[in-house]
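K.L.:
With chain Z held as given, fit chains S and X onto it using these hints.
Residue numbers (numbering that gives the first Met the number 0), protein chains in the order written: chain Z, 0 to 265; chain S, 0 to 265; chain X, 0 to 265.
Derived from the structure by calculation, the hints contain no laboratory data. It is possible that some hints are incorrect.
Claimed, not checked - Below are the DSBU-like pairs computed for lysine-lysine, each with C-alpha atoms no more than 35 Å apart in a straight line:
(1) LYS50(X) with LYS96(X)
(2) LYS89(Z) with LYS73(Z)
(3) LYS64(Z) with LYS259(X)
(4) LYS217(S) with LYS96(X)
(5) LYS177(Z) with LYS64(Z)
(6) LYS89(Z) with LYS217(X)
(7) LYS177(Z) with LYS89(X)
(8) LYS64(X) with LYS257(S)
(9) LYS73(S) with LYS177(Z)
(10) LYS257(X) with LYS172(X)
(11) LYS263(X) with LYS199(X)
(12) LYS15(X) with LYS172(Z)
(13) LYS64(X) with LYS199(X)
(14) LYS96(X) with LYS217(Z)
(15) LYS50(X) with LYS221(S)
(16) LYS64(X) with LYS96(X)
(17) LYS73(S) with LYS15(S)
(18) LYS172(S) with LYS50(Z)
(19) LYS177(Z) with LYS177(S)
(20) LYS221(X) with LYS46(X)
(21) LYS172(S) with LYS259(Z)
(22) LYS46(S) with LYS217(Z)
(23) LYS15(S) with LYS257(Z)
Said to hold, decoys possible - Cβ pair distances, simulated, as ranges:
(24) MET6(Z) with PRO171(X): 24 to 32 Å
(25) ASN255(Z) with LYS199(S): 38 to 46 Å
(26) THR132(Z) with TYR236(S): 50 to 58 Å
(27) ALA261(X) with THR252(S): 43 to 51 Å
We treat Cβ as the ideally placed atom computed from N, Cα and C, and that holds for glycine.
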Amino acid sequence: MFYFRSMELTSVIYEKRGSVAYITLNRPDVFNAFDESQSYDLQAALKEAGKDAEVRVLVLSGAGKAFCSGQDLKAIAGSKNRSLSDSLYKRYNPIIKAMREMPKPIIGRINGVAAGAGASLALACDFIIAVDTASFIEVFVNVGLVPDSGSSYFLPKAISPARAFEMATMAPKVSAEKAMEWGLINRVVSAEVLDEEVSKVADYYANAPTMAIGMIKKMLNKAGHSDLQTMLQYEAYCQEIAGRSNDYREGVTAFNEKRKPAFKGN
Amino acid sequence: MFYFRSMELTSVIYEKRGSVAYITLNRPDVFNAFDESQSYDLQAALKEAGKDAEVRVLVLSGAGKAFCSGQDLKAIAGSKNRSLSDSLYKRYNPIIKAMREMPKPIIGRINGVAAGAGASLALACDFIIAVDTASFIEVFVNVGLVPDSGSSYFLPKAISPARAFEMATMAPKVSAEKAMEWGLINRVVSAEVLDEEVSKVADYYANAPTMAIGMIKKMLNKAGHSDLQTMLQYEAYCQEIAGRSNDYREGVTAFNEKRKPAFKGN
Amino acid sequence: MFYFRSMELTSVIYEKRGSVAYITLNRPDVFNAFDESQSYDLQAALKEAGKDAEVRVLVLSGAGKAFCSGQDLKAIAGSKNRSLSDSLYKRYNPIIKAMREMPKPIIGRINGVAAGAGASLALACDFIIAVDTASFIEVFVNVGLVPDSGSSYFLPKAISPARAFEMATMAPKVSAEKAMEWGLINRVVSAEVLDEEVSKVADYYANAPTMAIGMIKKMLNKAGHSDLQTMLQYEAYCQEIAGRSNDYREGVTAFNEKRKPAFKGN
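Chain Z extracted, bound-state conformation (with noise of 0.2 Å):
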C-alpha cells in the first residue's frame, strides 16, 4: 500500500491512496479534541479533497484510541470571554458545510468515542463504520452547553424526537451497537476488521459514478426540508444530468453486454 502524503499539516494528516483520501485527526495524546489547529487543518485538507479531482471519496478517521472528543476545554481554559458563536462561525460551522455540501461520499472510520462536536463530526459523514468499542456521546450538556456543529440537525433527521431528545440533553453514552440499531451508523465491526470493512466501502465508491453519488447527496440533503412535487422536479433535473454523463452510457452499455460496468466518475 502506497500513500502519497501531499499536504503537510500539524493536527491531521493528509494521505492519498488512488482515488481515496484520508483524512486523520492527528492529536492522539488528547484523544484528537479539537485546538485552532486541527480545526483549520481539518478546513485546508478537506478543501484539498474536495478540489482534487483524482479524488473520489474520503475517509475520516482519528489517530490513537479515540476518533474525536470535541472542543479541548484545555485549550480555552485561559480564555476570558470567549465567544462560543465565533469560535462555531470560523472553526466549526466551516468544516460540517464543507463535508455535507463536498459532492463525494465522505466515509466515517469511527475507531473510538466520538464526543460533542467529535459525535457531529461522525453523524456529519455520509457512511459511517464503527469499531464495536466505539461511542457517540453528546456531552455539551455536561458542562451546559447546547449540541453544535450539526449535532442538532443531524439528530432528528436520524432517530426520533424522543431519542434525540434523550441524546441532547442527558449525554447517555450510545454505544456503536445501539447506534447501528438507532440506524445512526451503517456498520459496526471488531478492531480486527475495521480497516478491512473500510477499504471495502472505500473501493466500492472509488469505483463508482462519483457524479450521480455527489448528486444522490445532494438530493438527500435537500429532501429532509422539502415537499414531495419539489422532489420530484430536482429529480428529473438531477437524472437529466447523470443521464448525459460517461458513467451512464457506460452503465447501460455494460449492463446489455452482461459485464461489470467500469465507471470513471463523470
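P.N.:
For chains S and X alone, kept in the frame of chain Z given last:
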C-alpha cells in the same frame, strides 16, 4: 369472488371487486419493467380508481414473480439522446403524484422484487405488505443514475440518513424482513398467506371512514415539511370537515350504542 | 416526600416538590378523558409551571389506571352542531403549544392507556417513560375523525410513513414495548419501578443546566423543518447565549476541578 374488469388496458390489469380496485402491472415476462405502455396504462388505471366514487381502496401489485423491476432498459436500447427528464415528467412523476395525492389508501402488494422505479412505486403506497421473498433495491446507481420516481423523497422520510445514503448509492438488496425492521413496510408474510393478508387489510379500508382517511393521508404528507403550528391549524381545518361527515355521526352513535359502526366513506 | 399543592384545580392535580412540578390528570373514573374542565385545568397547570422560575422539570401523568383516554365522548353527547375546530383552538391546541414551547423538559409518566388526544398528549412530552402495560392508540379514526392535538405532527417525526399511516388510519393498540422499539418513547418499566424511574429522570433534569436544555428543546423543534445552514446559524446563536450562562462557567470549572457540576439552571 367476482371481479369486474372495467377497463381494457394493454400492460396493466384493472379490476374492481366491491369497493376495492385491484391494479396489476402485467408484463411478467420482463418482471413488469416499465415501457411506455405500462406507464400510461398505470396512469389511466389510477385516474379511473380516483374518480370512481365507489372505489374506497386500491391494491397495487405485479403479475408473476416480480412486483416491478423499474424502467425497461431494453425498451430504450435504440433511443439515442433520450431525455430522462422528459421521461420522468411524462411517465413516472404523474404516477407518483397521482398515488400520493389520491385521497384513498393504496395498499402495496409486494409479491416479489421491487427495483429502481419499482422500489419507488412500492414506497409510494400507503400500506405495504410484502412476501418474505420480496426485496427492495434502488438499482439506479448501478447504471450511473440517481434515484427517481420519488425515492429520494421516500427514503429519508422512512429511514435514517446513513441507511438512505447506503440504499441510494450502493443499491443493496434490502430483504422484506430488513425493510420491515427498518419501518419501510407494514407486513412481511409467506407467499401462502399474502392474498389473505392483503384481503384483510383491503376489507378494513373498504369499510373505513374513507373521507377521514383521505384527509389523514394529506395530513401526514404535509407534516413531513411543516412546523407544529401549521399542523395544529391543519388538524383543526380537517377535523372540522370530519366532524360534519356522516361517518362521524355514525361513529359516535355506534360508540354510544356499543356496536360496530357502518361507515359509508363520506 | 413533601408535596406542595400550590393550585386548587377541579380535574387536574398540581403539586410541586423542590424543582419538580407534578401535573396529574384526575378524572380516573373515565380514564382521565378530557371534558372542558380538565382541558382548562391542564392549561392553567402548564401556565403555572411555566412561569414558576423554581420549576425546572415537569412530570405529566394520569390518576388511576389510564394515562388519558382522549376526548370524553359522553361529555359531548348532548351537544348538536358542536364545532370540533373551535374545540381544538380553545382547548387542545393551547395545551400542545404550551408543552412544546415551554423551555423546560416535560417527562411523560405513561401509567396506562394513552388514546386519541391522550396519545397526542403523551407524544408531546420530551422524555417518555411508560409502564409495560401501557399502550398508545390513535383512536380518532374509529369514530370517523382524523388525529388531532398534534398527533399528525408527532407521528411522522418519530416513526416511518408506513407505520404512521397504519397507526393513524387503523388505530392499532401499540404496546409500550413496541413503542420503545419504534423510538416513540424512552423507557418501558414494570409498574413496581415506574415511580423510581420517573424520579431518577426528574432528579436529573432538576439538577441539569435548565436554560441550555430549554434551548436544546427549541433547537430540536426547529430542526424538524429546517435545513442545515439554518440550524448551524441557530446553534451558534444558542451557543453564544449558553456560553454566557452561569451554568457554563460552573460546568467548565467543575470539569477542570474534576468534580460534579452544581447547575443552578441559569
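K.L.:
State for each hint whether it applies.
P.N.:
Results for each hint:
Between LYS50(X) and LYS96(X) the CA atoms are separated by roughly 15 Å; this keeps the pair inside 35 Å, and the hint holds. For a cut-off of 35 Å, the pair hint linking LYS89(Z) to LYS73(Z) stands: about 19 Å separates their Cα positions. This hinted pair checks out: LYS64(Z) and LYS259(X) have alpha carbons roughly 25 Å apart, not beyond 35 Å. At roughly 22 Å between alpha-carbon atoms, LYS217(S) and LYS96(X) fall within 35 Å of each other, so this suggested pair holds.
Distance hint between LYS177(Z) and LYS64(Z) is fulfilled; the C-alpha atoms sit about 20 Å from each other, no more than 35 Å. A C-alpha spacing of about 24 Å is found between LYS89(Z) and LYS217(X), which places the hinted pair at or below 35 Å, so the restraint holds. Distance check on the hinted pair: LYS177(Z) and LYS89(X) sit about 42 Å apart at the alpha-carbon level, beyond 35 Å; violated. Between LYS64(X) and LYS257(S) the alpha-carbon distance is near 22 Å, which keeps this suggested pair within the 35 Å criterion.
The straight-line distance between the Cα atoms of LYS73(S) and LYS177(Z) is roughly 44 Å, outside the 35 Å bound, and the hint therefore fails. Between LYS257(X) and LYS172(X) the alpha-carbon distance is near 48 Å, which puts this suggested pair outside the 35 Å criterion. Between LYS263(X) and LYS199(X) the alpha-carbon distance is near 18 Å, which keeps this suggested pair within the 35 Å criterion. Taking the CA atoms of LYS15(X) and LYS172(Z), the gap is about 31 Å. The hint holds against a cut of 35 Å.
Between the alpha carbons of LYS64(X) and LYS199(X) the distance comes to roughly 22 Å, so the proposed pair stays at or under 35 Å and holds. With a C-alpha separation of about 33 Å, the suggested pair LYS96(X) and LYS217(Z) falls inside the 35 Å cut-off, and the hint holds. With a CA separation close to 33 Å, the supplied pair LYS50(X) and LYS221(S) stays within the 35 Å bound. As the CA atoms of LYS64(X) and LYS96(X) are separated by approximately 26 Å, the hinted pair is consistent with the 35 Å bound.
For the proposed pair LYS73(S) and LYS15(S), the alpha carbon gap of about 32 Å is at most 35 Å, so the pair holds. Between LYS172(S) and LYS50(Z), the direct Cα distance comes to roughly 33 Å. Compliance with the 35 Å bound is thereby established for this hinted pair. Distance hint between LYS177(Z) and LYS177(S) is fulfilled; the C-alpha atoms sit about 17 Å from each other, no more than 35 Å. For the suggested pair LYS221(X) and LYS46(X), the alpha carbons sit about 22 Å apart, so the restraint of at most 35 Å is met.
With a C-alpha separation of about 17 Å, the suggested pairing of LYS172(S) with LYS259(Z) holds against the 35 Å cut-off. For the hint linking LYS46(S) to LYS217(Z), the alpha-carbon distance of about 33 Å falls within 35 Å, and the restraint holds. With a CA separation close to 41 Å, the supplied pair LYS15(S) and LYS257(Z) exceeds the 35 Å bound. Taken as a hint, the range 24 to 32 Å is violated for the pair MET6(Z) and PRO171(X), whose Cβ atoms sit roughly 56 Å apart.
One distance hint, 38 to 46 Å for the beta-carbon pair ASN255(Z) and LYS199(S), holds here, with the actual separation near 43 Å. Restraint check, THR132(Z) to TYR236(S): a C-beta distance of roughly 52 Å satisfies the suggested window 50 to 58 Å. The beta-carbon spacing between ALA261(X) and THR252(S), approximately 59 Å, falls outside the hinted interval of 43 to 51 Å.
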